[in-house]
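So you can see what is in the structure, the chains are spelled out below.
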Amino acid sequence: MGAGVFHILVGIAYRGIEAPPDPVPHALVLTGIVVAVSATALALAFGKRLDQDADPE
Amino acid sequence: MIDTLPLSVALPLLGAVAVTVSPAHARGSGLLAAVLTAANALAVTAAVWTDGVLRADLGGWGVPLGIALEADGLSAAFLAMANLVALAVSVYAGGYLKQESARHFWPLWLLLWSALNGLFLAADLFNLYVTLELLGLSAAALGALTGTREAVSANLRYLLVGLLGSMSYLLGVALVYAAYGVLDIGLVAEAIESGPVAWTAMTLMIGGLILKAALFPMHFWLPPAHANAPAPVSAALSALVVKAAFYLALRLWLDVFAPVLNEAAANLLGILGAAAVLWGSWRALRAERLKLLAAYSTVAQMGYLFIAFPLLAATPPGLARDNLLAAVVLLALTHGFAKAGFFLAAGMVQKTAGHDRIDDLGGAAQALPAATFAIGLAGVALIGLPPSGTFLAKWMMLEQAIILGLWWWLVVMMIGTLLAAAYIFRVLSRAFNREPTPYRFVNDARIELPALLLGLIATFGLGIAAQPLWVLLEQGAFG
Chain A
1 MGAGVFHILV GIAYRGIEAP PDPVPHALVL TGIVVAVSAT ALALAFGKRL
51 DQDADPE
Chain B
1001 MIDTLPLSVA LPLLGAVAVT VSPAHARGSG LLAAVLTAAN ALAVTAAVWT
1051 DGVLRADLGG WGVPLGIALE ADGLSAAFLA MANLVALAVS VYAGGYLKQE
1101 SARHFWPLWL LLWSALNGLF LAADLFNLYV TLELLGLSAA ALGALTGTRE
1151 AVSANLRYLL VGLLGSMSYL LGVALVYAAY GVLDIGLVAE AIESGPVAWT
1201 AMTLMIGGLI LKAALFPMHF WLPPAHANAP APVSAALSAL VVKAAFYLAL
1251 RLWLDVFAPV LNEAAANLLG ILGAAAVLWG SWRALRAERL KLLAAYSTVA
1301 QMGYLFIAFP LLAATPPGLA RDNLLAAVVL LALTHGFAKA GFFLAAGMVQ
1351 KTAGHDRIDD LGGAAQALPA ATFAIGLAGV ALIGLPPSGT FLAKWMMLEQ
1401 AIILGLWWWL VVMMIGTLLA AAYIFRVLSR AFNREPTPYR FVNDARIELP
1451 ALLLGLIATF GLGIAAQPLW VLLEQGAFG
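Those sequence lines, one after another, are chains A and B.
Numbering follows my numbering, in which position 23 of the first sequence is assigned residue number 23; successive positions increment by one, without gaps.
Numbering follows my numbering, in which position 82 of the second sequence is assigned residue number 1082; successive positions increment by one, without gaps.
Chain B extracted, bound-state conformation:
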């Protein structure tokens, strides 16, 4: 079973080579690579589930020289989510993209997927930097696929911001290496001690990552970049790429910098998160276009994830902290599924109607029943209504906030939820306007099913069957 780890990076990479060599069969071989990669990632998750933490030292080189891949519960949970979403996005893209753009889409998309899997599995700080850069490069290139002026300038900005973020991260890595002489996450965690070097390294690395995770006030690059990309790309960027930066911040926070943390840093992240929730939700409410709304909603949802840091820091180790951690992961996973479903459905609306202005959506519910239903399902998960995973996660975060007496986070989350309900219902109320519609009645299972399934998983799958996540996270993530 040890071989499945390198395969999750190698399979999409091989697929990328295959689609570059024969662009005529790009769709077929791309889809094949997608199915194989996703199946392999699920096998990794299952193996972590049954056997505990997996580790593979590539080429037989051991610590500290070799390149190691490691999967614990946290990586496995994110890996499973990312690969399911990516598979859905691939199927959707197979039906959505025209021949011309598909030729450029597949190689970049499989590269991005490979980088994503590498990032979730990499076990040392420098390989994380490499995968982070690969992810940023392929994401920026994918985002600019439409070739419009807005898309290119938004993605140029995204690329430069991403570079700044990675350089800041790399400087942190350099400091860690200079101080401790190791890069493996486990070894660094053992060697690290509280002091100015560790603080500076932590600030640089986490700072670089929140730039990439688009935490307020560094979110300025996200809405234009995500809103102007083709629909499958927006879905992947919003659901997976920013989540990867968050995963890395969480991993560093929990595993590497645990001894040097203080409440001030956690509170700062929490305050930025709170600002992101309020500002992102407000802008989403005011957005004129469906995809812009979804992009601002991503800014807000990332805010919730960062509110968890002060709560985690204030909770003593034990069952309550484990539950809180699982709740945060659940929130991130649910948002991944829901936002991908939302963007895919928004893409269907845009393609059929020729635009995605929210005010002119009247009649969409009649013309595009599946897309509207998918938006509704994803909306349930984004607002956090029961039985979605978000509901469960927010409930546990609120409960912990009350127990700790940190009521201000509670207020922020409540307001954010209200605003989310407002912007989702704004879309749905327009869509259900009864008007004679100029649209065709669209029925294309290949692009409808992925969006619907993602919405369903977010709303029902992760809400009702959240228990397995706890079991999975017990493999090395709780402690």
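In isolation and in its complexed conformation, chain A is listed as follows:
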């Protein structure tokens, strides 16, 4: 879902073959990716914790 939304945003930046692409959506995607990565890291940390709790020594 995240990747799809980012692709749409990159697609929006297209302004024709001649014109340079619009930089604003690229900045948005970059920010979005940073946020998504940190969220994934947190989710993985939670998942690891749950896994550790699941099988006691």
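For the record, the hints were derived by calculation from the structure and aren't laboratory data.
The structure presented is a predicted model; accordingly, all values stated were derived computationally and were not measured.
Backbone N, C-alpha and C fix where the C-beta goes; we use that ideal spot for every residue, glycine too.
The reader is advised that the hints may include incorrect statements.
[To be verified] Selected chain A positions facing chain B (in silico; Cβ < 7 Å): (1) 12; (2) 18; (3) 23; (4) 28; (5) 30; (6) 39; (7) 44.
Given the coordinates of chain A, assemble chain B onto it according to the supplied hints.
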């Protein structure tokens, strides 16, 4: 005075850095940052009060490229409430948390606070997305601080639901940008016109937000996440974080999507709100634990806020609509204070008694007079008895519903109020059981005062002195 706007985001952020760098002094520097932030936010509110809408373009970049912060009456009202509650929560946390968990609490808490202030002040759709994500991230991490299995799995679910909500919101933002090429709220509002793009964007954005605001039937993540967090965190999550999503939905509704609204969408939100009121109140009545009760009560109270959307849509612009809007904001603010007070008091009960099972609360009134009194005060505001702000707000909503002939909302609100009275009195009746008590007599001003003060503000402050809110909202929110 223009500098106070970026400061309300920067101060807690700096505080978060400070407590991370020297965890040994986390409590001291955390509290200092909390006091400074709250004072600054009140200065912003006062400035909006006297000078009208404030705007700051960061780094000197103007519209449409720069990052702008803007405070109008609506933001200022929410900002003041959030910062007062957050200050109380900070003071409480200073006394409540043990050294070990305090070290992790302060950085995350100040980050959350920073994101919250940013969200209330941000003036463009994408920055709202960033603050929304920051808020969700820090809230999920804070909620899992207890480290128990229930807390971690509940917050993993919360995090994933929050991500889904923000992605849906971001897709809406992408559509808006593709169609109109601007992101600033004011510019989008000027450019927007009714059509399939605007409808889709609105559905995606509001849909993502109601997922985060835990509107029925998307409330499933809230009760476990809020009930298993440490008490100061539950208070902040329930009183502030879901309120932020609601604030954003209200802002989009009023400012951005005003031309494309129709009654069907408003009625759908209202029906979901009504279902939330009934279901949340019922589950609160059946809850076995005090914090679970408070969490389900949050689901119900969020429902009331969404019932306002069909009423707002059906009311023609003018004095009646302004009053209705102010009533909704008043309801949201009162609930923020009351629910925070309730959770803080519940935390005291849990800490002293070692549990928060409602059936075993006998004697709590003798052992914990301040906590029980705070629960009672917050209860008055949650039920909506006079003189609380909720009473005033519900009264105005009911009056408007009668004038519009929409009597079914009236029935829902009445039933919800009755159920709220039932679940609050269930707690109080158990607490006042006269039993020999094994509890210590607890008297710790640092954790008692915040809960009491929040309850007092909710019950008396916002009820008797609600007039200033109208003055504040005239700054850009009425129209």
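These are the hints, each one checked on the structure:
1. 12: Holds - the Cβ of residue 12 of chain A comes within 7 Å of chain B, reaching about 5 Å at its closest.
2. 18: For residue 18 of chain A, the interface hint is violated, since the closest Cβ of chain B sits about 18 Å away, which is over 7 Å.
3. 23: Violated - the Cβ of residue 23 of chain A stays beyond 7 Å from chain B, reaching only about 10 Å at its closest.
4. 28: holds, 5 Å
5. 30: Constraint on residue 30 of chain A not satisfied, violated at 11 Å.
6. 39: holds, 6 Å
7. 44: violated, 10 Å
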